[in-house]
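A.B. asks: Combine the two chains into a complex, taking the hints into account.
Going down the list, the sequences are from chains A and B. So the working numbering is basically just the index in the first sequence, starting at one, shifted up by 2. So the working numbering is basically just the index in the second sequence, starting at one, shifted up by 11.
In case anyone wonders, no lab produced these hints; they're calculated from the structure. Computed from a prediction, not measured in an experiment: that's the story for all the values here. Treat the hints loosely; a few may be bogus.
Using 30 Å as the maximum straight-line C-alpha spacing, the simulated BS3-like pairs for lysine-lysine come out as follows [unchecked claim]:
hint	chain 1	residue 1	chain 2	residue 2
1	B	K619	A	K87
2	A	K42	B	K790
3	A	K19	B	K619
4	B	K527	A	K19
5	B	K231	B	K270
6	B	K882	B	K790
7	B	K811	A	K5
8	A	K19	B	K882
9	A	K42	B	K589
10	A	K62	B	K501
11	B	K589	A	K87
12	A	K92	B	K619
13	A	K42	B	K501
14	B	K619	A	K62
15	A	K42	B	K231
Which bits of chain A does chain B cover? Going by a derived footprint, with three or more residues having C-beta under 8 Å, they are [unchecked claim]:
hint	segment
16	5-17
17	37-49
18	54-62
Just so you know, even glycine gets a beta-carbon here, dropped at the ideal spot from N, CA and C.
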Amino acid sequence: MTKIEAVIQNSKLEAVKTALQEIGVEGMTVLEVRGHGRQKGHTEVYRGREYSVDLIPKTKIEMVLADAMVEKAVQAILGAARTGKIGDGKIFLSRVDEAIRIRNEERGEGAL
Amino acid sequence: MRSKATANRSSWSWRSGVNFFMAASSLIGELRGSINDESARIQREFEATGDGRDCVAQRTRMVEEILARLWRDVISADESKLANLTLVATGGFGRGWLFPFSDIDLLFLYSDRDTEQVFKDPVRRFSQELWDLRLKLSPASRTLAECERYDPSNTEFTISLLDCRYLAGDRDLYRKLHDKVIPKLVMRESKVLLQGLAEVTRERHSKHGMTLYHLEPNLKEAPGGLRDCNVAGWLALISAIDKLRDWPEASSLRAPVRKQLDAALDFLMSARCFLHFRHKRDDNTLSWEAQDAAAAAKIGARDAENLSAAEWMRIYFGHARTVQRTVTQLLEEIPEARSALYRQLQSWRSRLTNADFSVVDGLIFLQQPSSLQDPEVLLRLFHFMAHHGLKLSATTEFRIEQALPALASTPPRGAELWLYLQETLLQPFAADALRSMHSLRLLTLLLPEMQLIDSLVVRDFYHRFTVDEHSFLAIESLHRLKQSQSEWDKRYAELLSELEEPELLYLALLLHDTGKGMPGDNHVVISLDIAERAMDRLDVDPKERAEVLFLIGNHLELSATLRRDIFDPMTVAAFAEKVGTPERLKMLCLLTYADIKAVNPEALTPWKAENVWQLYMAAENYLNRSADQRVHTEVNSEKLMRLRSLAPVAGSKFKTFLEGFPQRYLMMHTAEEVMRHMQMADELATDPVIVELKRGRHWYDLTLVTRDRPALFATLSGVLAAWGMNIVKANAFSNASGVVVDTVHFTDRFRTLELNLSEWARFKNSVVSVLLGEADLEKMLRDRQRSEKGAIAKVRVETKIEFDDSSSSTTTIVQVIAQDRPRLLHRIASCFSRQMCNIEIALIDTEGQMAIDTFYLTSGGLKLNQAHQQKVEKALLEELKAE
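Extracted from the complex, chain B is given alone in its bound form (with noise of 0.2 Å):
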């Protein structure tokens, strides 16, 4: 990566026929004049050619040429003569790339301190023409010996003296420090060294957010900037010393690698030099105003067509993003970067190389290279790396590249990939996963519709990243709340933990903004559009596809609500209408969380945190509290509408049918399942109790249809709890004419089903008996109690009941929160029972060791009266307290 400059002078015309004895003030007078001039034929040739290798190598023959003339003037104009003080340049200058406003790195060198003083008063004159011929250094002055000690706090120095180049003065003192002092030092410390490179390089990264998908990066420090390509060859550089014990010859970087950068190089140099002549200061921030600028002058680009500023932003991140792979990876390949902790770490972390994979000094590789022939071995790998948080190794990508042309001729698709694809992104390092299949142009393939936000710069003064990247934050700011300390984000954590399919929310994140990528106002209603033929293409099954479509077309909705006033159930009555479920709620929730804490570091102020959380709860509570809103077929919402486009025949069984459900009930329940329970309902005249079994996800699912009698919630749940059942959330709901549909979710403790398949038959059965009142529930019960002795919980949650009067019209709400327990729910039930209360609506669920029960109560039919109220409180509270 060092490039000396050529010690062709002769482009100066001015040089000769100069006197070099001319008096100091008249020199610099001159010399001030040939900057300006000079300076600005540069800037013409850049400004005509868009060169910057060019531009800079010009600048430091320029400069060259002013310290050589005012060091013959002050300092000595004999150079044979002078003994023990040496000009070198160092930095970006040794390298021989001068920017047009960049600091020129100088060292002086002494051969002792002494010397130093000797030449105390002439240096500082020389320092301060060059001051006075405005070129701003960046001075350093050492000994030799001083040179040769290296200083971990200031890494720096030590490697800037890397691009060391000799300018004036003593000849042998440089030579010392060349060839003899820096190789020493380096051999020496190479291990230090490079830990105080990946160090500064790190803290330099994170300050930039770890990413360089910025909106305005800064080309010089951000992640696959100009420091970074530096960092690519010091850290070659430091290594090659190290083995050859002298100055390699050439490039210490493979040749392919090179050449990359080189390209990279090539258009960075030349975007920083347009940046810094456009704002005639060393600024590197790629503003819009210069994006625009550098687009419609071609930086970097001189053979492309007319290219917008996004565009042009695509090659220079498809630029950074070689830089940056190729600095991690050297990073990681130099074994001393790393201390004796962390190798212990990658040692255990190498167990887990399996059949398909194996890990070496934490990095990923094949045990078949010619395994990615099968695509999913792929897909595998990225879920292999989304577990375990590893890195690919060099090989390992490079393979993966190979392979990709045969993949796009018949890429995966359908469920299989579906399959692989949620798995991978409930894994708890996904967003790194997803980034790598990303730059490796593997995420674009299996789901074409991220070609759209690749790279996309998105103006907008709030958003810090490009789409794609804030799509990959998103993700990973959900994975990062099981870690975080934060009170708030523990209140998240735990609702994360709750969500029943939380993959349908990943897939929300990494698809809302797909449709910033085309044009148009409403990005919201064109993300829809895309998600939907991706996950067509996915083969996603229609119900949990509508929670991705919900997510989707709402992802907006919380944040817009914020807007208004939180406090007044106006507002959050409109907003948890909107959402309908509480799932659909806790999902939105964290969305909203994760989308703001992804816009930029700062977006998720406390004070923005805590109101998401007001309005969740708020709206968790209404959403509790309003079950009771009944259907009314005379108004046509959609949900009726497809209803009756599936039963066109049914007529008046379908008004009869579902008039007087609560339209919670038709919000929990496919349109699908309503014709089933309805056509349950049809047959209740044979068989008056109908009972449906299924295996879910996490949960057995029980469907009960019959008619309403006394105590039915109760039973119920007795004989749920009779066969060992443990009930984690049910819904009861029944409509005008008296037909309940009971849906109960269910683990089963002793694994009955799972071990016994006749039991399956046993069960319903003994479920119909019960509720038909043909078997005794209460020897059940007392010999499931006598087997089970001894299984006393521990109480961790308080019991709490809260009674609501106002937010029904027609029935007494309460709420109990208890600690989970064996029979829990059958002995509430029972007990509402023997109070002569009614159960209208049920709605039960069971997070952790809490249980969340809300009823909706009547007595007589109408609500319960004050003194009812506490005397059902009482009864309840005791019946709780014992055992």
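Extracted from the complex, chain A is given alone in its bound form (with noise of 0.2 Å):
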């Protein structure tokens, strides 16, 4: 099982939750997150006052696949989050040890 961590711009949230959700993918986590790679921040004046923002707000996702689907989602996610910008995010995978399902105890890949 492998968990994807994506970090997105945030108006791409809607196409790649429709991204995900049209290759089968039926679970995930979305968060409000702060960051910035190589992208600059943004300071804006108003008022005579410089207003920066270092750390942009992005979206994040998160989802545990069984190794099957991966390649396929990451491929749904990159299709759908680019731009061609700085500032498009990254994708991050990791190994998953065991998952559960809390209502009946379900373990494995049949729990994701």
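C.D. replies: Given below as structure tokens:
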């Protein structure tokens, strides 16, 4: 089982969700986050005062999938989230030891 | 509220013929069997009759039997021989209300500590057997002396004693508890006890957002639920025991109150039994699925026609409202429940008494009970409420309910109603007044539109509250901004204080979701329709109406834009153009803030608040920097079409006048105003300078129409300064043929115009003659300066000058932030003039002590080059440093 964490532009959330649903991904967690990679921050001058944002608001999606699904999901995210500009985000994959469904204690890939 | 379970045991058929001395294990087996049978029977009967009260009574009897059997078997076969140990039912069980999956509240009462030791093992075995029977106990063990002490950290235990009932064991011990210990305790500690109960109740209420209007309410814990019913009973009981020095004979609540509460209880008890049987555990949340099922089964509403879930929930909310009102009134009326400090506060508040109303102990009473025949008094009452944040006394509420039918036949309407409504909406406690009006059915009388969203449950994963409560909460969120300490809230609070007509924002919030009460997909469009009708009835003037409709129609725009890239200039531009003016932008920003905040307590995360603010700033800056997008009369916008319809014979004059004005000019003025300007422009041949003066709500409004010439704006601001006027906002626009329309909002610092009517004409003539070059402006300014010597403003706002060379293709934009002071604008404009700059467009704004002035400059018809910009900046800083 693999955990996929993707940090994406806020404006791409709907597109990524739709793309994932289309390939059969049924569960995900969405978080409101802040951060930056190489994308520069943003400064707005309002009434003579500078408002600097160096941690830019982004959206993070997390999901744990059976290994067979992972590459399809990654491709779906890439396709939906990409704009080609700096600030598009990143995808991280990591190994998951176990998954357990709380309702009936089912374990393993069946719990996903 | 205490109903003693009857001792009718004959309903159990197996009881006869059973040998008392059966072995324990087979006893358990037998008891388990009969519990299952009896429980199933009770459930079947409930499903047939839907009678909650009966269900809990039957279950109570069943458990009593079990306890009695086990007691005889485990503790003592002969009651008369047992001394010093009693089994007492407390809490819900004591009341005789045992819900299908509720805990069973038991008290093991000992005469002293030694007895506890003696019976330790049997009691433990007793409890064990009950657990084996899967009867969930909530047991307590106390000596008689311990019961007499009140522990403030465990108010719940003492309260549970109020419902005590004998089950088994030493009767004398029980009588001591019931007849002596409890009354003594209550009389001694009534003040503290009531306070404790009030505190625990308020804590519970605040866990549920202080409102009963949840979309999926917990009917035990939420305000207006079963717990609150109990609280009402306890409050009344404690007061009664305190007064009578003994248990009261009958219920201590007044008859009409008791009747209403009983009706509510019937409903709530049936609903809770239904939930327990459905979920097979102590789950008291009316989830949407449960609401559907309850409505289908007509729980608590046996005689109703087919009920939808929303209709069933309305019945629930009706009962919950009654319960909540009763509890609130009782909490208020019991004087011991308040500390000395509170009473001091209340006596200060009673100084608020006026001719119409008196304030006693923080509650509003009518001076003249019959005064409500005059609808105006009623409206003033709620204004009073909203202003001071006080509650109505029970008597006042009763009188209002009495007055409503007469009012319904000729309800107040029109401009006068709007006036009262406006004023009420602006008060700091407006939301509470609205809630009170709503629960008394007065709000729906004045604004029938509110009926659509009354207690309306709309199924939505984000919204926590019913639609009407959501709207009141949104209004409350804005008022609360003034007291908030958080950094974010302070920014929004500042914005709120800058609004020219905040009542329009509040009205928009009140009506923005009314469309949800009608079938259809797009509630925004429906809300617009409803709002138009409402404002028709309130006779709201067209300019204000347009603002409210804009807000309602676009109330989701800002949120929608947040889902795009807010740092992308195109996104900002598109959004800003949709909004059009800075005032609308501010209102929309605050409306979005309030709307999100009222969805549920966590909805407005700092992440969201920051994004809303970012978008606001970016849009505000865009609006400031894009004012030079010109009108082109070939393009058919809505406004242009309206203008054309107003002036069908104007023909080419229309085209000539409008061509070249910035879009902003059209956005800031109504079609009627533009017509007037066009007429004024027409007369320029005979009258080269035309000035009009009006008294506006906050300021004086001066409109100047003339032909452009060098230093025009500097001269205009100069003559105003010479008259001691303080320019607050201004816009200077010109069209392609050199006609200038300047509008200035100013305050009259020395009340010249207010105190002397003749000064109006003199002032206008002065402006004209200065502009015609016929008067000596410099002398006028010197005279003014002499008379004002010594009035030096403390500099708190730092001067900041920012040049923007990229936003406009034809001009250089300069934004000046500076400490507001007399003649500021004149000095800035004159400085530009001396530096050979022409002001194409001026957007002048003042917020508090800060002047925020944006100028679109050209020199020789072109943008300013770098060197020139630096020169201007230097000169301006010098100019603004002096003094």
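A.B. asks: Tell me the hint numbers this structure goes against, listed in increasing order.
C.D. replies: 2, 7, 8 and 15
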